[in-house]
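**Student:** Going down the list, the sequences are from chains H and E. Under the working numbering, the letters of the first sequence match residues 753 to 1362, in that order. Under the working numbering, the letters of the second sequence match residues 753 to 1362, in that order.
Bear in mind the hints are in silico, worked out from the structure with no lab data behind them. Warning: the hint list may mix true and false statements.
Said to hold, decoys possible - Below, a list of computed lysine-lysine pairs in the DSBU-like style, where the Cα atoms sit at most 35 angstroms apart: (1) Lys1058/H <-> Lys847/E; (2) Lys1012/H <-> Lys764/H; (3) Lys919/H <-> Lys989/H; (4) Lys1240/E <-> Lys1048/E; (5) Lys1098/E <-> Lys885/E; (6) Lys989/E <-> Lys949/H; (7) Lys847/E <-> Lys1002/E; (8) Lys847/E <-> Lys1357/H; (9) Lys989/H <-> Lys1027/H; (10) Lys948/E <-> Lys1098/H; (11) Lys758/H <-> Lys1002/H; (12) Lys1267/E <-> Lys1357/E; (13) Lys919/E <-> Lys989/H; (14) Lys1008/H <-> Lys1339/E; (15) Lys989/H <-> Lys948/E; (16) Lys1267/E <-> Lys1339/E; (17) Lys1002/H <-> Lys982/E; (18) Lys982/E <-> Lys949/H; (19) Lys919/E <-> Lys949/E; (20) Lys982/E <-> Lys919/H; (21) Lys1058/H <-> Lys1012/E; (22) Lys1048/E <-> Lys809/E; (23) Lys949/E <-> Lys982/E; (24) Lys758/E <-> Lys885/E; (25) Lys1339/H <-> Lys847/E; (26) Lys885/E <-> Lys949/H; (27) Lys1339/E <-> Lys1002/H; (28) Lys1027/H <-> Lys1012/H; (29) Lys1267/E <-> Lys1352/E; (30) Lys1027/H <-> Lys1339/E; (31) Lys1098/H <-> Lys949/E.
As the list claims (entries may be wrong) - Among chain H residues calculated to face chain E with C-beta under 10 angstroms, some are: (32) Gly849; (33) Thr857; (34) Ser859; (35) Leu870; (36) Gly933; (37) Asn1113; (38) Leu1137; (39) Gly1166; (40) Arg1182.
In this text, a Cβ means the ideal position worked out from N, Cα and C, and glycines have one as well.
Protein chains: 2
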Amino acid sequence: MADIQKLEQLAKLIRYFCLVSTTEAGSGHPSSSLSAADLMTGLLFGGAFRYDVDQPKHPNNDRLIFSKGHASPLFYSLWFAAGKVSEQEMMTLRKFGSPLEGHPTPSFPYTEAATGSLGQGLSIGVGMALNAKYLDELPYRTYVLLGDSEMAEGSQWEAMEIAAYYKLNNLVAILDVNRLGQRGETMYGHNLDVYKKRAAAFGWEPIVIDGHYMPQILTAYDQAGQSRDKPVMIIAKTEKGKGISFIEGKNGWHGKALTKDELARALPELGTIDKNLRGEIRRPDDFIPAVRESAKAEPIAYAVDKPVSTRHAYGTALERLAIQYPEIVVLDAEVSNSTFADIFKKGHPARFFEMFIAEQNMVGAGLGLSLRGKVPFVSTFAAFLTRAFDQIRMSRYSNANIKFCGSHAGVSIGVDGSSQMGLEDIAMFRTVLDSVVLYPSDAVAAEKLVEEAARHQGMVYLRTTREDTPIIYRNDEAFRIGGSKVLKRSNQDVATVIAAGITLHEALAAYELLKKEGVLIGVIDCYSIKPIDQGTLAAAATATRELIVVEDHFAEGGMGEAVRTALADVPVSLHSLAVRQMPKSGKPQELLDYEGISAKAIVKKVRELL
Amino acid sequence: MADIQKLEQLAKLIRYFCLVSTTEAGSGHPSSSLSAADLMTGLLFGGAFRYDVDQPKHPNNDRLIFSKGHASPLFYSLWFAAGKVSEQEMMTLRKFGSPLEGHPTPSFPYTEAATGSLGQGLSIGVGMALNAKYLDELPYRTYVLLGDSEMAEGSQWEAMEIAAYYKLNNLVAILDVNRLGQRGETMYGHNLDVYKKRAAAFGWEPIVIDGHYMPQILTAYDQAGQSRDKPVMIIAKTEKGKGISFIEGKNGWHGKALTKDELARALPELGTIDKNLRGEIRRPDDFIPAVRESAKAEPIAYAVDKPVSTRHAYGTALERLAIQYPEIVVLDAEVSNSTFADIFKKGHPARFFEMFIAEQNMVGAGLGLSLRGKVPFVSTFAAFLTRAFDQIRMSRYSNANIKFCGSHAGVSIGVDGSSQMGLEDIAMFRTVLDSVVLYPSDAVAAEKLVEEAARHQGMVYLRTTREDTPIIYRNDEAFRIGGSKVLKRSNQDVATVIAAGITLHEALAAYELLKKEGVLIGVIDCYSIKPIDQGTLAAAATATRELIVVEDHFAEGGMGEAVRTALADVPVSLHSLAVRQMPKSGKPQELLDYEGISAKAIVKKVRELL
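Just need the whole structure built from these sequences, with the hints factored in.
**Tutor:** Listed below in structure tokens is the structure:
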């Protein structure tokens, strides 16, 4: 039986630190913290939440994600109340080098996932709940604190529909309806019925409560724990700035710390604060996560005379490697028969999650799975991964270990036209700090690079091609992140062509055409675009002075610029052939010609250089 | 009174062309076309739709957007039935150079907006409906054909909530519930009640019908026309492949053209086809769109001694220019008091649309407004524009005339931390074909560049800074797309620093520091990152040989690579200072130092070069 009075005292202490830490910082979001203070105090210290405070990585810990990341002062104050943050540390909020950043990041050990871009936490929670229910088979629950403003984000409804589809009764969303957004009222103000109807329509169990009345809060968590097959949304009516009369429920106080004078007026309103008070969090169980056995994967055996698309090899690689890497799980956005993720699905249905056409939630869920120790491979058309750029960007700040596969790259997909062509994906993934960008040219390379991706700790992007392409490598050829392959080289080379994926085959065709004229060129397979094989490229630059980079991608941010940057200190004449005209429908070869990235275009360019 | 029998005959003719054109093309989506054939035939030729078939640009035309763009064979066949496409043209479907592309694009004159990335059409429709109701004040209606699979996209629910919020009773969504997605059944199959409940919960008027029963179809459109203050969703139960027994309602037929043999089996099932049959579309009214008067804007008058942020200047520029450019409208994602779009809002509330925290729909609605002749300025934090990359990418394929403003660029925003920092926005917008990327350093430049953006036809991105920065330009200084400013230059320059936005002030500070040591550097304000001022940069390269590009953006795809590419043919030693370490909370100056893009870092780099 929870001690309501103690919880209310704890909530006061927590409010105190929300206020003083932000005033000390001179910025932050005290009002958005105060609205959720009772909800979160009740959760952590009221008996529902189970967590080993000395082991944040404990697999049985319940998970708490602050999707409304700007309420970070509340988040840190909760851990003060749990005895894991000192008063001194609280006063470093937002300071350079402090783990208590403006929005939660992994530099604070109790952060489950970095947040701050709204509408992402619930998807991450979906990933963690999927893990508990279907993979680790553990009883931990995942709680996500949501703001009402962020319910406008479509990604929330993606997470809602998928959570219901997968019957995630171990997922609890706590919606802090404080009525006020950044610049004024939300679309629905305190009309809780709107949220209730929507949650119900999306297959959730809604529980409407007064978010400042502790007994009701505790009852709600208790009720949430009994859901049989539905995720639960606790919809709480709250007041922004609750507890401080001159900001409570008032507009104009978003993202504003109190001045010292205001703080002096505010603190007495809280009443007596006991700084020595600490809350107890229930310990979790010690169940062992379900373990899958592993064994060495079979080697590959491609026949040289049978073209295979790299997207197909992606699927076969995942299926083949599944046994060796039991942490691999696969997510796809309703196009698994195009990305060929469905080859994995057929072999390992329990490790495949259909995420339907909802790329943002797919990436967020991938992040959640990654943070629970899985190695998610997330696939759709390269073009449609742009849908999740914000989630991709944010994943990095959670130190994600996600592998992305974008199929149907470039104009070479042909007749489907511009909307389906991934032409900005390399640029997008290159911007991610420490990311790896791989672009195999044949099935052997694709198989090997999928394995390299699985072994690498961090974010990896693998770009695959729609069309079947010839096998150019031996089955025992080795590939590495940061590597390249010199396929043609001689002392008479007039230029070196740097290509990857579909354009590598164009480069090899150009080589043959030019050879007939007695002109020799070098050809390099630049399959690792980031990191890039600076040494090999520089050697080629020194040897031939003329480099031609050919890519089925827009010129900006792509392989051409990656090579240019890598060769900043090498004297070289570098020519970039890339997509520069409005793409359209047509046959792959027509479009490669039209964009000037075909064998014909390479031959023309080489002739110009003679 | 509509002639049901004729409509049914027309539907057969339309089905005929959906089948023969895709078989001729050897690819395409006949089954997804057949499910909606009756719905669309009833709409166009049953009396509800009003359109001057000889004037696709007529301002009173009803608008029809195929959000499920893969049903393009149906779209083109409808215009065959309207007498605007010949049989011969129908047979060019998906061929190189044909206006009948795989997914609709503006190369076909009846395409309202390019589609093919699912879940985008409804947002575009929202923009067109906003225009009709609140700007042009015209009675045209906007119809959007939706697939059931694409309802999984969160962007749909963003469009739903905003359409209801703005009471768009002139917007009609037609949901073609054919039960089957690309690789199998959707989440809800033929459970139409799920869609009905969700539509109602999101404030729409749902009408559930049999999508193959013409009288019910016509009644639904009639009913939709009578809505007083709600958008209407017609939820139609349909069969994928309807009309051809061996594909109807069967899985495995997505995106597959019939073979010639299959076609020969299929066509007899349609019965007699009258190729000479044509449908009539009702003519629209000839109302004149509401006109706003225009007058010359006041000139600017910034005081040199008062720092102003470029984000603030963005807002004042819009407010000031509103009278001169009556087509300007402004959209913001619930952060108008941070982007300062709210300055425009205060002056011109009727031309401002609050789009709440739903960036994807904001960009889609912006596209809809742009396609109806408005010049939308769309703003949020630069970081959060990544949320809409897919919509931004697709906008280009509709030849959009949208102006994007991303505020809070770079680590220099300070204490809020990584989640709020736009560090990949330049790379993202550079990938857009023919895009313009502008990055003003002071309020004068920002004001002038907002006007240049408004005057430019096409997609423009303007990057603004959170912090107040000194005024460095005279109020009569001119700026142009593709220009730059040489701020410091002498014969003794040991290097030239190329900067923009916040880093320009660091460069100027570095200049002063070095000058005290007797070292001179050139400084260029590269405010137009795309197109870039190649001539001026090349001259600086020739003059000093050492160039240092400093940017508050990740190294990949940013200004450094833009400069590198521009100077491909110029011998120069180019050094890039950019964001390369995990960003975090801190004061702006601490973070500029930490990332090595501050005055101190520039001085250090210059000294290394001495």
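**Student:** Each hint needs a verdict: does it hold in this structure or not?
**Tutor:** Here is how each hint holds up against the structure:
no.: 1; hint: Lys1058/H <-> Lys847/E; result: holds (28 angstroms)
no.: 2; hint: Lys1012/H <-> Lys764/H; result: holds (19 angstroms)
no.: 3; hint: Lys919/H <-> Lys989/H; result: holds (26 angstroms)
no.: 4; hint: Lys1240/E <-> Lys1048/E; result: holds (34 angstroms)
no.: 5; hint: Lys1098/E <-> Lys885/E; result: holds (20 angstroms)
no.: 6; hint: Lys989/E <-> Lys949/H; result: holds (24 angstroms)
no.: 7; hint: Lys847/E <-> Lys1002/E; result: holds (28 angstroms)
no.: 8; hint: Lys847/E <-> Lys1357/H; result: holds (27 angstroms)
no.: 9; hint: Lys989/H <-> Lys1027/H; result: holds (28 angstroms)
no.: 10; hint: Lys948/E <-> Lys1098/H; result: holds (34 angstroms)
no.: 11; hint: Lys758/H <-> Lys1002/H; result: holds (28 angstroms)
no.: 12; hint: Lys1267/E <-> Lys1357/E; result: holds (15 angstroms)
no.: 13; hint: Lys919/E <-> Lys989/H; result: holds (26 angstroms)
no.: 14; hint: Lys1008/H <-> Lys1339/E; result: holds (17 angstroms)
no.: 15; hint: Lys989/H <-> Lys948/E; result: holds (27 angstroms)
no.: 16; hint: Lys1267/E <-> Lys1339/E; result: holds (27 angstroms)
no.: 17; hint: Lys1002/H <-> Lys982/E; result: holds (31 angstroms)
no.: 18; hint: Lys982/E <-> Lys949/H; result: holds (17 angstroms)
no.: 19; hint: Lys919/E <-> Lys949/E; result: holds (18 angstroms)
no.: 20; hint: Lys982/E <-> Lys919/H; result: holds (32 angstroms)
no.: 21; hint: Lys1058/H <-> Lys1012/E; result: holds (27 angstroms)
no.: 22; hint: Lys1048/E <-> Lys809/E; result: holds (28 angstroms)
no.: 23; hint: Lys949/E <-> Lys982/E; result: holds (15 angstroms)
no.: 24; hint: Lys758/E <-> Lys885/E; result: holds (34 angstroms)
no.: 25; hint: Lys1339/H <-> Lys847/E; result: holds (7 angstroms)
no.: 26; hint: Lys885/E <-> Lys949/H; result: holds (28 angstroms)
no.: 27; hint: Lys1339/E <-> Lys1002/H; result: holds (29 angstroms)
no.: 28; hint: Lys1027/H <-> Lys1012/H; result: holds (20 angstroms)
no.: 29; hint: Lys1267/E <-> Lys1352/E; result: holds (13 angstroms)
no.: 30; hint: Lys1027/H <-> Lys1339/E; result: holds (29 angstroms)
no.: 31; hint: Lys1098/H <-> Lys949/E; result: holds (34 angstroms)
no.: 32; hint: Gly849; result: holds (7 angstroms)
no.: 33; hint: Thr857; result: holds (7 angstroms)
no.: 34; hint: Ser859; result: holds (7 angstroms)
no.: 35; hint: Leu870; result: holds (6 angstroms)
no.: 36; hint: Gly933; result: holds (5 angstroms)
no.: 37; hint: Asn1113; result: holds (7 angstroms)
no.: 38; hint: Leu1137; result: holds (9 angstroms)
no.: 39; hint: Gly1166; result: holds (8 angstroms)
no.: 40; hint: Arg1182; result: holds (4 angstroms)
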